[in-house]
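In our numbering, the protein residues as written are 3 to 317.
Read the hints as simulated data drawn from the structure, not as lab findings.
Listed next, the in silico BS3-like pairs over lysine-lysine satisfying Cα-Cα at most 27 Å (straight line):
| # | residue 1 | residue 2 |
| --- | --- | --- |
| 1 | 174 | 145 |
| 2 | 120 | 50 |
| 3 | 312 | 272 |
| 4 | 92 | 120 |
| 5 | 134 | 98 |
| 6 | 42 | 119 |
| 7 | 98 | 174 |
| 8 | 199 | 4 |
| 9 | 99 | 173 |
| 10 | 79 | 119 |
| 11 | 271 | 250 |
| 12 | 120 | 171 |
| 13 | 145 | 92 |
| 14 | 173 | 145 |
| 15 | 40 | 147 |
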Amino acid sequence: MKVAFIVGDFPTISTFIIDQVAGLLDHGIDVQIFALDKVKIDHNISQKFFDYKMQQRTHYLVWPHSWIERIILAAPKFLRILFSQPALLKDVFNAKKYGRNALSLKLLFWIEPFLGKKFDIVHCHFGTTANKFLIIREILNIKVKIITTFYGYDVSHLFKTKGKSYYDKLKKIGSLFFVMSEDMKQRVVRYGFDADKVIVHPVGIDVEEYHFQSRVNNSDSIDIASVGRFVEKKGFDDLLRALEIVKKKTAKNIKCHIIGGGPLEEDLKKLTTDLNINDIVTYHGYMQVEEVLNFFKNIDLFIQPSKTAKNGDME
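Let the hints inform the model, and build the full structure from the sequences given.
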């Protein structure tokens with residue numbers, strides 16, 4: 003079986019896409035990854051990305067913002083389409099139908115990587131990515147089952163900003179829709195998705211990677227860890243405020259280790275100072291998943307806060 007993964011940024015620090023690719027490859031499924039954005043590959047990327055040679059399976063649909071660079075890179079893509087499937091060009095440059103996606107030459111960068119490739123299933127990660135793939139599907143006349151996994155913001159905050167009609171085309175064309183929870187399922191059904199096509203399928207983990215250590219902490223020291231992206235819905239500010247309360251009410255020596263990064267990093271560090279808990283909170287930055295698992299060996303308590311952001315974004 004051949005499966006195409008349609009993703010946004012790839013590879014990222016978050017491991018859920020990489021883990022899914024690795025799992026499918028372990029089951030003998032041929033996976034090709036089509037990424038709308040390219041991320042710098044550094045030491046924080048999961049080792050699985052390298053072990054499974056995912057770079058060789060990744061095709062980037064990235065278009066440069068510089069017009070000069072865009073035209074230079076678009077030329078060979080234009081020629082490849084011209085000599086292989088010239089009829090596609092009438093759609094690739096159809097500004098009346100595809101608007102700025104055509105005028106900006108973006109469609110050349112989206113279409114060319116798919117030429118000559120066939121799949122049994124297309125799996126789009128995030129609804130926004132699926133909507134973009136529908137354009138590619140239409141131009142290339144791709145007739146395979148489309149699975150879309152919604153992860154959070156794409157069926158929360160996005161509904162508020164784009165409106166319930168944003169996914170109208172996807173609702174009709176999509177074969178299956180995976181969501182993370184019953185609450186999320188109720189939300190998408192309420193916005194017009196067919197309940198029979200919506201399946202609660204949370205992102206899982208390989209429990210074999212987590213080695214349980216039975217231990218009793220009889221000391222006066224408690225080590226806490228929390229991991230995630232520093233955005234509002236992850237609730238790290240609530241964790242910090244809770245730590246302030248605990249610090250005042252216990253004689254135990256508490257240490258909280260926060261692993262991750264993101265746009266709210268400076269705000270969280272300032273809040274840490276304002277709450278006078280710098281002495282019990284340590285920010286470790288990004289870590290490779292293998293490093294995080296090793297770090298957990300010395301942790302007494304893992305905390306994963308979560309909440310609905312002011313703009314409606316939620317898990």
